[in-house]
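Number of protein chains: 2
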Amino acid sequence: MTRGFGFKLIAVDAGARRGEIATPRGVIRTPAFMPVGTAASVKALYPGQVREAGADIILANTYHLMLRPGAERIARLGGLHAFMRWPGPILTDSGGFQIMSLAGLRKVTEEGVAFQSHVDGARHMLTPERAIEIQCLLGSDIQMQLDECIAFPASPDEARRAMELSLRWAERCRRAFAEKGSPGQALFGIVQGGVHPELRRRSAEALAAMELPGYAVGGLAVGEGQAAMLGTLERTLTFLPAGKPRYLMGVGTPADLIEAVARGIDMFDCVMPTRSGRHGQAFTWSGRVNLRNARHAEDPRPLDERSACPAAREYSRAYLHHLVKAGEHLGAMLLSWANVWFYQELMAAMRAAVAEGRFAGFSAEHRERLAGAETNRE
Amino acid sequence: MTRGFGFKLIAVDAGARRGEIATPRGVIRTPAFMPVGTAASVKALYPGQVREAGADIILANTYHLMLRPGAERIARLGGLHAFMRWPGPILTDSGGFQIMSLAGLRKVTEEGVAFQSHVDGARHMLTPERAIEIQCLLGSDIQMQLDECIAFPASPDEARRAMELSLRWAERCRRAFAEKGSPGQALFGIVQGGVHPELRRRSAEALAAMELPGYAVGGLAVGEGQAAMLGTLERTLTFLPAGKPRYLMGVGTPADLIEAVARGIDMFDCVMPTRSGRHGQAFTWSGRVNLRNARHAEDPRPLDERSACPAAREYSRAYLHHLVKAGEHLGAMLLSWANVWFYQELMAAMRAAVAEGRFAGFSAEHRERLAGAETNRE
Numbered sequence: 001m002t003r004g005f006g007f008k009l010i011a012v013d014a015g016a017r018r019g020e021i022a023t024p025r026g027v028i029r030t031p032a033f034m035p036v037g038t039a040a041s042v043k044a045l046y047p048g049q050v051r052e053a054g055a056d057i058i059l060a061n062t063y064h065l066m067l068r069p070g071a072e073r074i075a076r077l078g079g080l081h082a083f084m085r086w087p088g089p090i091l092t093d094s095g096g097f098q099i100m101s102l103a104g105l106r107k108v109t110e111e112g113v114a115f116q117s118h119v120d121g122a123r124h125m126l127t128p129e130r131a132i133e134i135q136c137l138l139g140s141d142i143q144m145q146l147d148e149c150i151a152f153p154a155s156p157d158e159a160r161r162a163m164e165l166s167l168r169w170a171e172r173c174r175r176a177f178a179e180k181g182s183p184g185q186a187l188f189g190i191v192q193g194g195v196h197p198e199l200r201r202r203s204a205e206a207l208a209a210m211e212l213p214g215y216a217v218g219g220l221a222v223g224e225g226q227a228a229m230l231g232t233l234e235r236t237l238t239f240l241p242a243g244k245p246r247y248l249m250g251v252g253t254p255a256d257l258i259e260a261v262a263r264g265i266d267m268f269d270c271v272m273p274t275r276s277g278r279h280g281q282a283f284t285w286s287g288r289v290n291l292r293n294a295r296h297a298e299d300p301r302p303l304d305e306r307s308a309c310p311a312a313r314e315y316s317r318a319y320l321h322h323l324v325k326a327g328e329h330l331g332a333m334l335l336s337w338a339n340v341w342f343y344q345e346l347m348a349a350m351r352a353a354v355a356e357g358r359f360a361g362f363s364a365e366h367r368e369r370l371a372g373a374e375t376n377r378e
Numbered sequence: 001m002t003r004g005f006g007f008k009l010i011a012v013d014a015g016a017r018r019g020e021i022a023t024p025r026g027v028i029r030t031p032a033f034m035p036v037g038t039a040a041s042v043k044a045l046y047p048g049q050v051r052e053a054g055a056d057i058i059l060a061n062t063y064h065l066m067l068r069p070g071a072e073r074i075a076r077l078g079g080l081h082a083f084m085r086w087p088g089p090i091l092t093d094s095g096g097f098q099i100m101s102l103a104g105l106r107k108v109t110e111e112g113v114a115f116q117s118h119v120d121g122a123r124h125m126l127t128p129e130r131a132i133e134i135q136c137l138l139g140s141d142i143q144m145q146l147d148e149c150i151a152f153p154a155s156p157d158e159a160r161r162a163m164e165l166s167l168r169w170a171e172r173c174r175r176a177f178a179e180k181g182s183p184g185q186a187l188f189g190i191v192q193g194g195v196h197p198e199l200r201r202r203s204a205e206a207l208a209a210m211e212l213p214g215y216a217v218g219g220l221a222v223g224e225g226q227a228a229m230l231g232t233l234e235r236t237l238t239f240l241p242a243g244k245p246r247y248l249m250g251v252g253t254p255a256d257l258i259e260a261v262a263r264g265i266d267m268f269d270c271v272m273p274t275r276s277g278r279h280g281q282a283f284t285w286s287g288r289v290n291l292r293n294a295r296h297a298e299d300p301r302p303l304d305e306r307s308a309c310p311a312a313r314e315y316s317r318a319y320l321h322h323l324v325k326a327g328e329h330l331g332a333m334l335l336s337w338a339n340v341w342f343y344q345e346l347m348a349a350m351r352a353a354v355a356e357g358r359f360a361g362f363s364a365e366h367r368e369r370l371a372g373a374e375t376n377r378e
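Respectively, the protein sequence lines represent chains E and R. Per our numbering: the first sequence = residues 1 to 378. Per our numbering: the second sequence = residues 1 to 378.
The shape of chain E in the complex, shown without the other chains (with noise of 0.2 angstroms):
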């Protein structure tokens, strides 16, 4: 099943580790960043920008794209790589955390889950069967069990009831997977549970035992705030084998991902960068900063003088400010490639401290500074 696929652990320092991640599309460096391209584009982005940017690997939403254009459709005109024109590697959910946050009448049972399409109210049905099935047919390259992620709160019956679906999904994925899944593709578990650490242990060894090439931690960053999220993650990973990726889904804010990859999570995705560039938010290296706001409206310095993006060195902050406030697409294209370009920065920061040994003074130099918003000092 990973024949192709692989992951080698380079260094770990400080709880981090710096690895690699090796597809027949190119080698993941971890930790990873994958820039979000829901709707087989990575918003108000060129491909080329993204991969100029550092990003060795993005993800695809399978939800999205079986509603439209269609997982048959992209299969005929040449999958996933050839459509969105993204040669490097690709993961793709299952599409179960898509249809619990978009999809009208949902009804989970044992055999999948049904939905309502929010593109156009039609009726569809997800199996673990049909999750395996659609990501075959992009073509992904890492693909996601189908698992059942539950709101917070849920009481503790509610999210082992949760979990265990999730673990007999993640077996009939695995099935599947076996059948269709190609030479170099990757089937990666999620481990659900909540923030109940005892169910958090049993699904974790339920899918390590599985076998599987890599495991994602899922259900977190769902509202229970960043120490609920980090004291599970912590519990969380003591079950998983140190030599397969770990993958964190839905993370985070530039702090959030300083804290995960010092608890060992070599792999992340989040629409952070991207959405909130579109309304004008920019993360820099002096912390977040908010172009809608006032005080840039004269300021001719470039947002970002330590990025080597173009958006963050060659623009003036007035501009951006301008762009903004007249709702200008420029103003998206820019933010949301500044944006990118700086998460993608930051994992190289990481990867290289880790690889020097020096994590621990890196995590303590950025984790404050990036979780500020924007000062008067900046």
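No lab work stands behind these hints: they were computed from the structure. Even glycine gets a Cβ: it sits at the ideal position worked out from N, Cα and C.
If you want a taste of the chain R side facing chain E, the calculated C-beta under 7 angstroms gives, among others:
id, residue
1, LYS43
2, LEU77
3, ALA318
With a cut-off of at most 20 angstroms between alpha-carbon atoms, the simulated DMTMM-like pairs for lysine to aspartate or glutamate come out as follows:
id, chain 1, residue 1, chain 2, residue 2
4, R, LYS107, R, GLU164
5, E, LYS8, E, GLU20
6, R, LYS180, R, GLU72
7, R, LYS8, R, GLU356
8, R, LYS325, E, ASP120
9, R, LYS325, E, GLU72
10, R, LYS107, R, ASP157
11, E, LYS107, E, GLU164
12, E, LYS325, R, GLU72
13, E, LYS180, E, GLU133
14, E, LYS325, E, ASP299
15, E, LYS325, R, ASP120
Starting from the known structure of chain E, arrange chain R on it as the hints suggest.
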């Protein structure tokens, strides 16, 4: 007034003119099409893409910029070229046309035009003197006189009144520009007079007597239809000096451009390439293509193999269709890019045809094809 600014006629062929406008910021090859950067951005394009597409000059709208971010602010930030990172020549209109089409509560008097901002409802007064002052604060290379552009249809009396007022404003602009303009900057007059030949003649002759460095034909493409537009244009141009550049404002479709070049027009501007791009419409060497159309849903061919634009060559119509249907920013970005590029290719092809004495053949070959909407042949 025209030091450093000059027009050179290089070739005339079948009524069409090949020329060059020299400005301190670079040469404008004519016939030229100016992409419109209304609010200091050619919508959905990076400035470098506009240049690479072949544009020598862009247009920016005085009305939008005076309201947001404000002309004085742009001046404090070093002028419009630095603000929007466009080092080449910029033409600014006077604001008159946008006040007529966008602002609320307009009142035209001898003094100027009072209006309410469409951004925040604030009251403003634009006089000929202030229009020049604003354009000098922006630092544009080619500035336009304030004129009154009336709605179509208008009675001959109304057209005459507005034309005569525009002439008096031209004289006031000329004086203001003589005082405030910088060496190398140029002020263009605007011929008005609706579709009335006699009014157009009087307007053109009076402006020609002012010996301005260039002349625009205004008040066309406002609903009178292509035949009336071209008829009026033809008659108007006979009264303008051959040695000055001639600019047809707000025009138009590819077929309009060919027809107007055939009548001796040297410069154009229009929002059509960018606005159409944001609405899923593409201009190609085979005619217009509506990417919303379901027939493109599984078409693996590029938009236009005859274009050199990456957006037209490297992405499938199926992908463009998907992006447009999904409302992805990238759809607007790619189609705006392809359209701006196509318009520049069309101008370059016309310039070459005139220079090589084959414009009549070029015009016959392309004007009908480019006028056509999408057909099944395509």
